[in-house]
Amino acid sequence: MSWTKDDVQRLKAAIASGQLSVRHGDRQITYQSVEAMLTALDRMEAEVAAVTAGRRKSATRRYRFTTLRGF
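Residue numbering for the sequence shown follows our numbering, beginning at 276 and increasing consecutively.
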């Protein structure tokens, strides 16, 4: 599953409020402890950062064409 920034924010809110259950889309995940939530948060943030870093503005390509007539 690909995580989004919204998923990270939901998990942070659950950690801050002391809840162990978080709903991600149509799934609800219940964690065993806050430590498990923090581990999941680290992984989610790393995945979101990796996806975000992969989206760079594309560079402009330049081509030079040379044509010759005859020999």
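One or more hints might be untrue.
The following label-pair restraints were derived from C-beta to C-beta distances [as the list claims (entries may be wrong)]:
(1) Val326 / Ile304: 45 to 53 Å
(2) Thr342 / Lys280: 49 to 57 Å
(3) Thr327 / Gln307: 53 to 61 Å
(4) Arg302 / Ala325: 19 to 27 Å
(5) Ser296 / Asp317: 28 to 36 Å
(6) Gly293 / Thr327: 24 to 32 Å
(7) Arg339 / Thr279: 38 to 46 Å
Derived from the structure by calculation, the hints contain no laboratory data. All residues carry an ideal CB built from backbone N, CA and C; glycine is no exception.
For each hint, the structure was consulted:
At about 20 Å, the CB distance of Val326 to Ile304 disagrees with the hint of 45 to 53 Å. At about 50 Å, the beta-carbon gap between Thr342 and Lys280 stays in the expected band of 49 to 57 Å. The hint said 53 to 61 Å for the Cβ distance between Thr327 and Gln307, and at roughly 29 Å that hint is violated. The supplied range of 19 to 27 Å is met by Arg302 and Ala325, whose beta-carbon atoms lie about 22 Å from each other.
Range check, Ser296 to Asp317: about 19 Å between beta-carbon atoms, so the 28 to 36 Å window is missed. The given range of 24 to 32 Å is respected by Gly293 and Thr327, whose C-beta atoms sit roughly 29 Å from each other. Evaluation of the 38 to 46 Å hint for Arg339 and Thr279 yields a pass: the beta carbon distance comes to about 42 Å.
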